Amino acid sequence: MPMISAPDGTPLYVKDWGEGRPVVLIHGWPLTADSWEVQALGLAEAGYRVVSYDRRGFGRSGQPWSGYDYDTMAGDLAAVIEELDLTDAALVGFSMGGGEVARYFSGADAGRVSRAAFISSVAPGLLQSETNPDGAPASLFEEMRAGLRKDRPAFLADFFKQFYGQGVFSGGVSQAVLDWTQGMALMASPRATLECVTAFGMTDFTADVARITVPTLVVHGTADKIVPIDATARRMATLVPQAQLIEYDGAPHGLGATHAERLLDDLKAFLA
Numbered sequence: 049m050p051m052i053s054a055p056d057g058t059p060l061y062v063k064d065w066g067e068g069r070p071v072v073l074i075h076g077w078p079l080t081a082d083s084w085e086v087q088a089l090g091l092a093e094a095g096y097r098v099v100s101y102d103r104r105g106f107g108r109s110g111q112p113w114s115g116y117d118y119d120t121m122a123g124d125l126a127a128v129i130e131e132l133d134l135t136d137a138a139l140v141g142f143s144m145g146g147g148e149v150a151r152y153f154s155g156a157d158a159g160r161v162s163r164a165a166f167i168s169s170v171a172p173g174l175l176q177s178e179t180n181p182d183g184a185p186a187s188l189f190e191e192m193r194a195g196l197r198k199d200r201p202a203f204l205a206d207f208f209k210q211f212y213g214q215g216v217f218s219g220g221v222s223q224a225v226l227d228w229t230q231g232m233a234l235m236a237s238p239r240a241t242l243e244c245v246t247a248f249g250m251t252d253f254t255a256d257v258a259r260i261t262v263p264t265l266v267v268h269g270t271a272d273k274i275v276p277i278d279a280t281a282r283r284m285a286t287l288v289p290q291a292q293l294i295e296y297d298g299a300p301h302g303l304g305a306t307h308a309e310r311l312l313d314d315l316k317a318f319l320a
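Following the numbering used here from start to finish, the sequence shown increments by one per residue and tops out at 320.
Treat each hint with caution, since some may be false.
Claimed, not checked - EDC-like, lysine to aspartate or glutamate: derived pairs with alpha carbons at most 20 Å apart:
#1 K209 - D199
#2 K63 - E130
#3 K63 - D82
#4 K273 - D182
#5 K209 - D82
#6 K63 - E85
#7 K316 - D136
#8 K198 - E243
#9 K63 - E93
#10 K316 - E295
#11 K273 - E190
#12 K63 - E131
#13 K273 - D297
#14 K316 - E131
#15 K273 - D206
#16 K273 - E295
#17 K209 - E191
#18 K316 - E85
Unchecked claim - Quick list of simulated restraints, FRET-style, between CB atoms:
#19 P185 - K316: 29 to 39 Å
#20 R310 - D199: 26 to 36 Å
#21 R69 - Q176: 31 to 41 Å
#22 T135 - K209: 33 to 43 Å
The hints are simulated quantities; they were obtained by calculation from the structure and are not laboratory data.
In this text the structure is predicted, and so the values were computed from the model without any measurement.
No residue lacks a Cβ here, since even glycine has one placed at the ideal position from N, Cα and C.
Assemble the whole structure, with the sequences as input and the hints as a guide.
Structure below.
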């Protein structure tokens, strides 16, 4: 399999499709790079070099015991960019992946990146606080971890129904997509699955996003029950000077599947 070594030696599974200006796709929790199927194929067909990889602990990448913090995971992203010698790149992070994009801009070599996109992203932070009253309480993430420890497959099966907005007017996917998503999730290390709940739930990216000076796209569903729009995307649009916010009315969290073609079109328009 095509592998790149992270700084600590963890092997990262990487897909590198097409030719042209590079676009790096960073997937959400607890999925793999395959979750970008429609967008990765469409962007490669549109003349971009599309790079996507499985986060450490997930999919076909290595499953180390440690390293599930955003400093380490942003370092993994930097390793992929540097190993493939990508320049003038666009970073596109979905959900948890938006955290890697945000933290990357606090690194020393952000000059390789010329655009950023945050799709249903956790940045600038999910945790409820005085400055983020619409965020989620810390107890929610502890409940998630408890549910995963008790019965990970059952917890995830229920989670994905809300993820895709099953039964919601502007959401929902086929049973086949639910099964496919569950399969991706169960490839992950249980340790990584648990530790990343703490990472995406408790990390504050406010200082990171303040460093973003490149053109930025923020896309979010107004009915997202996993990552509430008021706590994240709408705050993001006020913190990043060059941010363009596109709201999908009534849409759930998993836009890559529920609004696959619309998201592809919006990414193409942003990248053009």
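Here is how each hint holds up against the structure:
{"no.": "1", "hint": "K209 - D199", "in the structure": "holds (16 Å)"}
{"no.": "2", "hint": "K63 - E130", "in the structure": "holds (15 Å)"}
{"no.": "3", "hint": "K63 - D82", "in the structure": "holds (9 Å)"}
{"no.": "4", "hint": "K273 - D182", "in the structure": "holds (12 Å)"}
{"no.": "5", "hint": "K209 - D82", "in the structure": "holds (19 Å)"}
{"no.": "6", "hint": "K63 - E85", "in the structure": "holds (11 Å)"}
{"no.": "7", "hint": "K316 - D136", "in the structure": "holds (16 Å)"}
{"no.": "8", "hint": "K198 - E243", "in the structure": "holds (15 Å)"}
{"no.": "9", "hint": "K63 - E93", "in the structure": "holds (15 Å)"}
{"no.": "10", "hint": "K316 - E295", "in the structure": "holds (16 Å)"}
{"no.": "11", "hint": "K273 - E190", "in the structure": "holds (17 Å)"}
{"no.": "12", "hint": "K63 - E131", "in the structure": "holds (13 Å)"}
{"no.": "13", "hint": "K273 - D297", "in the structure": "holds (13 Å)"}
{"no.": "14", "hint": "K316 - E131", "in the structure": "violated (25 Å)"}
{"no.": "15", "hint": "K273 - D206", "in the structure": "holds (13 Å)"}
{"no.": "16", "hint": "K273 - E295", "in the structure": "holds (14 Å)"}
{"no.": "17", "hint": "K209 - E191", "in the structure": "holds (17 Å)"}
{"no.": "18", "hint": "K316 - E85", "in the structure": "holds (15 Å)"}
{"no.": "19", "hint": "P185 - K316: 29 to 39 Å", "in the structure": "holds (38 Å)"}
{"no.": "20", "hint": "R310 - D199: 26 to 36 Å", "in the structure": "holds (34 Å)"}
{"no.": "21", "hint": "R69 - Q176: 31 to 41 Å", "in the structure": "holds (38 Å)"}
{"no.": "22", "hint": "T135 - K209: 33 to 43 Å", "in the structure": "holds (41 Å)"}
Hint 14 alone, counting from the list given before, is not met by this structure.
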